[in-house]
Amino acid sequence: MSLQILLLVGLVLFSVAAVLLKDLIKAAICLAAASLVLGILFFRMGAPYAGAFEISVVAGLITVLFMLTIALTKTGGDVAESKLATVAFPLFFILFLAVDFIVTKNLIQKIVALPAAPEAGAFGEVLWKQRTLDLVGQVCIIFAGVLAVLALFRKRSKDNDD
Amino acid sequence: MTSTWVPYLIVAAGLLFAGIYCLLAMRNIIKLFIGVEIISKAVSLIIVATGFAKKNILVAQSLAVTFIVVEVCLVATALAIIINIYRHTKSLDIRKLSKLKG
Amino acid sequence: MVFLFVAVPLVVAGVLPLLGKLSKRVLPDILSNLTFLFLLVYAVTAGRQIIAGGPVNQQIIWFGEPVQILLGLDGLALFMLMAIALVSLCAGIFSIDYMEHHGAKANFYALFLVMVAGMNGLVLATDLFQVYLFLEVAAVASYALVAYGLGYDELEASFKYLLLSVVASAFVLIGVTVLFGLTGSLGFEAVGRGLQELQAGSTVALCAALFVAGFGLKAALIPFHAWLPDAHPSAPAPISAMLSGLLIKVSGIYALARIFFSVIGMTPFLSNLLMGLGVISAVVAALLALGQKDIKRMLAYSSISQVGYIVLGIGLGTPLGILGGLFHLFNHALAKGLLFLSSGSIQTATGTRNLDEMGGLAKRMPWTAATNLVGSLSIAGVPPLGGFWSKLVIIMALVQAGRWPYAVIAVLASVLTLWYYLLIQRKAFFGKLEERWKDIREAPFWMTAATVILALLCLGVGIFFAAVLKSWVQPAADVLSQGVTAMISRGR
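Residue numbers (my numbering), protein chains in the order written: chain R, 1 to 162; chain W, 1001 to 1102; chain A, 2001 to 2492.
Watch out, some of these pointers could steer you wrong.
What the hints assert, rightly or not - Partial list, computed: chain R residues near chain A (C-beta under 8 angstroms): (1) D23; (2) A85; (3) F89; (4) L133; (5) V136; (6) I141; (7) F143; (8) A144; (9) G145; (10) A148; (11) L150.
Stated by the list, open to error - Keeping only pairs whose Cα atoms sit at most 20 angstroms apart, straight-line, the calculated EDC-like set for lysine to aspartate or glutamate is: (12) R:K83 with R:E125; (13) R:K74 with W:D1093; (14) R:K155 with A:E2100; (15) W:K1055 with R:D23.
To be verified - Covered stretches of chain A (chain R as the covering partner; in silico rule of three or more C-beta atoms under 8 angstroms from a C-beta of chain R): (16) 2012-2023; (17) 2409-2422; (18) 2426-2435.
These are computed hints drawn from the structure, not numbers from a lab.
Ideal Cβ placement from N, Cα and C applies to all residues, glycine included.
Chain R on its own, in the form it takes in the complex:
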């Protein structure tokens, strides 16, 4: 359990670093590190598939996409962030966490929950048999993403006659 707490703290630290760092590439790397930590957390919670997905897709693929974008937009010069926002953030954050801690501790006692039905089957079965419409939805969203990128990067020719 203590390792979980440590990992959670690591997650928070990397995310805060990603917000505060000025250099975009370092911020993207901190984001990837946060995803890595999150993946390990998932694994320790008994969700190995989610952990593997998190690490390979979010820490891997999304970080690559970020790097690509940063590379393609490099010559614009740096955008200076407001000093006030950067300094105020840790203060607000710690304040929020304190309030959050107190509120959640108190609220959580009041939550009742139904006991869950015992789970049967393996992950693959659950994903393919029970939540098949989710897979259809995944196909839809992949179509949407691919078509969106194709549409947004299409060649603008001067005349569009056939």
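Based on the hints, put chains W and A in the right spot on chain R.
Frame of chain R, contents of chains W and A only:
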């Protein structure tokens, strides 16, 4: 059930705050998008943590996996828009994008 | 086969980019519009047959194994499917001419079809998480469609829309997850029953707040409306019609209504909250619309205002209120779709959206002027057009429930609506014909045809409102009302 849920909820709420703060306060549009990513992490943490606390981990995992797929497509579309914005204005500053008044 | 509603647009969307390499113009046009026509016909004919015996949950068999694709078709879902198919067909026909100069038409139609597939999936979903998933499908497709022209305005509007919409989706998903944590399941029925047993007031209130924020942002209720006046004008005209006419209602109002009535249960506090937000949106947006110079921006604020009306009716919770709200949803989808399409016609002919620059266009563009007039009068609530009847039902419902202040404000907002629509008519169409517009021509054939179809529908729904109410809107309203009484009878 709830005692295992608590630390995850606290951290997820904190991440949510960090992400929304990033969206409100940052000027570089790629930084704004890092804020969106942090919000996504918070959401996937909540999903898996809820499943873990309820001993319902398989369903929660499939939800988390589907959510990650959605997130990837979203990131691809958003970065395509960002690159196009850069081509127009040669700058990544959100303050330059204030032609429309809302 | 209810699954066809989602599968057919998806498959055609997958095929279109490949076909687009072969034939840039004719084949994508025909194929996509045929798909919309199929959806409409299927909804009207086969759909009615399927639900003749009551709501249906279909389970599919794939490759010999039963897979869990549970799609729920009931009166409300069928009503929304019909509305979606109708407006998308007209927008699709309009795009035949309008999207000529944007390029890559096959890709445009493919994105359009994915958005329609997403909306259909949302309407047919029986599971909280799937509502979120198809919401995101339609949303991602719409981000790309708003930015389609790749102009500066469009990209800025699309980016801001994206940022706000992502936060909204995150809120919705967190709400769904908390409900999952409370009850251990995700299906509507199961969660509803579970919540009955639990009576966990404060946590459910938190979820309700998250849903109101998330879906309210998708529906552009005030104070969550900031993205709409930028996004809808900048998008290409058929996409503005789809967004204002359908997406804000399907992903905002429908999802909200479905979850609040059938899952969480409508409490008096929620009802008052929704009515308050609705009436504020109706009035404030109408006032903001008065000061606009850009015709599409004025129409966008009008959308926010009318969505306020719909939420007012549905939030009231009485059977008559729900009936009025749903009927107004349908009328507004038809009329606002029509108005955005005709603004696209104006933009094609004159190249401007600024009302001050237009004038006397009716002399050169009679068809556009006539259809625009029909659409404007319908939304403003002038008999015998459809909008009049739906607003009347909402106001009657408010009076019946004893909510006099709301009824009076609703009538006042209606007067404001009439005022700014008459402004559009006077500034754009009537009055003296400006010098520079004396050589413009009427809009191309398909664009005019699409607007004429919608105008005839507005007229038809208005004249035959009793028949439309009885056969389409009433079954839909019954589904929601039954959800309300079921909650009440289980001792909530």
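Regarding the hint that R:F89 lies at the interface with chain A, is the smallest CB-CB distance below 8 angstroms?
-> Constraint on R:F89 not satisfied, violated at 18 angstroms.
May I ask you to test the interface hint for R:L150 with respect to chain A, counting a Cβ-Cβ separation under 8 angstroms as satisfied?
-> 6 angstroms, holds
Report holds or violated for chain R covering the stretch 2426-2435 of chain A, Cβ cut-off 8 angstroms, minimum 3 residues.
-> violated (count 0)
If you draw a straight line from the CA of W:K1055 to the CA of R:D23, is it 20 angstroms or shorter?
-> Between W:K1055 and R:D23 the Cα gap is close to 41 angstroms, so the pair fails against 20 angstroms, i.e. violated.
Under 8 angstroms, Cβ to Cβ, is where R:A148 needs to be relative to chain A, so tell me if that hint holds or is violated.
-> With a closest approach of 3 angstroms, the R:A148 hint holds.
If you take the shortest Cβ to Cβ gap from R:A144 to chain A, is it below 8 angstroms?
-> 4 angstroms, holds
Hint status (Cβ of R:L133 to nearest Cβ of chain A, threshold 8 angstroms) = 5 angstroms, holds
Given R:I141 as an interface hint, is the shortest Cβ-Cβ distance to chain A below 8 angstroms?
-> With a closest approach of 5 angstroms, the R:I141 hint holds.
Decide if the proposed pair is consistent with the structure: R:K83 and R:E125, CA atoms, cutoff 20 angstroms inclusive.
-> 51 angstroms, violated
Quickly compare the C-alpha distance for R:K74 and W:D1093 to 20 angstroms and report which way the hint goes.
-> Holds, at about 13 angstroms.
Proposed interface contact between R:G145 and chain A, which counts if any beta carbon pair is under 8 angstroms = Since the shortest Cβ distance to chain A is 6 angstroms, the answer is holds.
Given hint R:A85 near chain A, where the shortest CB pair must fall under 8 angstroms | It is violated, given that the least Cβ distance between R:A85 and chain A is near 17 angstroms, above 8 angstroms.
Hint violations for this structure: numbers 1, 2, 3, 12, 15, 17 and 18, all remaining hints satisfied.
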